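Trainee: What follows is the residue order along each chain.
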Amino acid sequence: MKCRNVLRLLNRYADGECADRVEVFRIEEHLAGCAECGKRLEEIRALRRTLASVERIRTTRVPVDEIMDRHSAKAGPVRRFDLLPMAAAAAAVILLAGSLRMLSVESDASIVQYLYRSMSEAEVAYLAAGETAYTFDYSGK
Amino acid sequence: MEGMSLHDEPDSSPSPATVREKSMRELVERHYGRVYNLCYSFVRDRDEADDLAQEVFVKLFERMESFRGEASLSTWIYRIGVNTCIDALRRSKRRATEPFDERRSDIARDEDTAGRIALSEMVRGALMVLPVKYRTVVILREFEGRSYREIAEVLECSVGTVESRLFRARELLRRILHPMIRREVDHEV
Numbered sequence: 001m002k003c004r005n006v007l008r009l010l011n012r013y014a015d016g017e018c019a020d021r022v023e024v025f026r027i028e029e030h031l032a033g034c035a036e037c038g039k040r041l042e043e044i045r046a047l048r049r050t051l052a053s054v055e056r057i058r059t060t061r062v063p064v065d066e067i068m069d070r071h072s073a074k075a076g077p078v079r080r081f082d083l084l085p086m087a088a089a090a091a092a093v094i095l096l097a098g099s100l101r102m103l104s105v106e107s108d109a110s111i112v113q114y115l116y117r118s119m120s121e122a123e124v125a126y127l128a129a130g131e132t133a134y135t136f137d138y139s140g141k
Numbered sequence: 142m143e144g145m146s147l148h149d150e151p152d153s154s155p156s157p158a159t160v161r162e163k164s165m166r167e168l169v170e171r172h173y174g175r176v177y178n179l180c181y182s183f184v185r186d187r188d189e190a191d192d193l194a195q196e197v198f199v200k201l202f203e204r205m206e207s208f209r210g211e212a213s214l215s216t217w218i219y220r221i222g223v224n225t226c227i228d229a230l231r232r233s234k235r236r237a238t239e240p241f242d243e244r245r246s247d248i249a250r251d252e253d254t255a256g257r258i259a260l261s262e263m264v265r266g267a268l269m270v271l272p273v274k275y276r277t278v279v280i281l282r283e284f285e286g287r288s289y290r291e292i293a294e295v296l297e298c299s300v301g302t303v304e305s306r307l308f309r310a311r312e313l314l315r316r317i318l319h320p321m322i323r324r325e326v327d328h329e330v
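Protein chains in written order, with this note's numbering: chain V, 1 to 141; chain F, 142 to 330.
Next up, chain V with everything else stripped away, as it sits in the complex (with noise of 0.2 angstroms):
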């Protein structure tokens, strides 16, 4: 492999991106015997602990009140109308099984609370994707 070329790959090396293990041994074959090439991996090496050591800016602040109140600010009124789908949706359902004669009256009740249960069921899903939102897992890796 020629430095052109596996000067290209450094970072990648660096990275631990490789694509195989092919790669990487072809990389270290090179790095073996070139001084220059082993020169400019230190310094990508060096660049990546500087920027490692970089602080952390901390806040103990979490402005959650000040949010939600800019969301209302902004969605305002519009939200009103974020059941309309779903009262839309409960009401087609009722009129279908209605038509269908497949539910009583007690029954409708109990579609109002499936679409609540399942309004809840989406936001519980959406919490648990929060919960691994940092862990990351490509088979293809």
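What the hints contain is simulated information worked out from the structure, not anything from laboratory work. Bear in mind the structure is a predicted one, so any value in this text is a computation, not a measurement. Backbone N, C-alpha and C define an ideal beta-carbon position, used for all residues, glycine too. Mixed in with the good hints, there may be bad ones.
[What the hints assert, rightly or not] Derived lysine-lysine pairs resembling DSS-like cross-links, with alpha carbons at most 27 angstroms apart:
id	chain 1	residue 1	chain 2	residue 2
1	F	Lys-200	F	Lys-163
2	F	Lys-274	F	Lys-200
3	F	Lys-163	V	Lys-74
4	V	Lys-39	V	Lys-2
5	F	Lys-200	V	Lys-74
[What the hints assert, rightly or not] To be clear about the criterion: a stretch of chain F counts as covered by chain V if any three or more of its residues have a C-beta under 8 angstroms from a C-beta of chain V, and this derived list gives those stretches:
id	region
6	170-183
7	271-285
8	300-314
With chain V fixed as given, assemble chain F onto it according to the hints.
Mentor: Below, chain F without anything else, positioned relative to chain V:
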């Protein structure tokens, strides 16, 4: 039973609006620190980072319905966060909050807190000199620890593009921070 509704029943589930608001609040509590840090890396100003981080969550809530789980939640948050920051930078047409002084990059490595903060700010200052597209990949890779593939998903581009931008970004940073990098290499040897 007069005036009794479904919600008045003791065993009834909380209303969708209540569940929704609780979810939103939890989302903010859980992710605000990370989003704030991301924004700070772009603008290097605490007040502006706070304002942008809030804007990110407002946008997240607006687009909640469009989240289909095709990307992970964190990828989605990063995507909105990065785009919000880039838009803000474009609006202000600003590249750096203060000029980067190359001569200061040979500052002695100081182990005390003030020294580390000064060093950190210097590196962040160097980052601000980079064009936004290069700055973005460095922030996601080095500060947020994302893989090439994850960065590609956040930026909606190819892995090859991420790699190419990272290569150019590091080349630029290597030149800007040359004395500091040299010192770091010597320190390791």
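Trainee: If a hint holds in the structure, say so; if it does not, say that too.
Mentor: Verification of the hints:
Between the alpha carbons of Lys-200 of chain F and Lys-163 of chain F the distance comes to roughly 17 angstroms, so the proposed pair stays at or under 27 angstroms and holds. Proposed proximity of Lys-274 of chain F and Lys-200 of chain F is supported: the alpha carbons are some 22 angstroms apart, at most 27 angstroms. Between Lys-163 of chain F and Lys-74 of chain V the CA atoms are separated by roughly 18 angstroms; this keeps the pair inside 27 angstroms, and the hint holds. Straight-line distance between C-alpha atoms of Lys-39 of chain V and Lys-2 of chain V comes to about 15 angstroms, which keeps the hinted pair within the 27 angstroms bound.
For a cut-off of 27 angstroms, the pair hint linking Lys-200 of chain F to Lys-74 of chain V stands: about 10 angstroms separates their Cα positions. Requiring three or more residues with a Cβ within less than 8 angstroms of a Cβ of chain V, the coverage given for the region 170-183 of chain F holds, as 8 such residues are present. Coverage of the region 271-285 of chain F by chain V holds. Counting CB-CB distances below 8 angstroms, 4 residues qualify, and the rule asks for three or more. With 5 residues bearing a CB less than 8 angstroms from a CB of chain V, the region 300-314 of chain F meets the requirement of three and the coverage assertion stands.
Violated hints are absent here; each numbered hint is respected by the structure.
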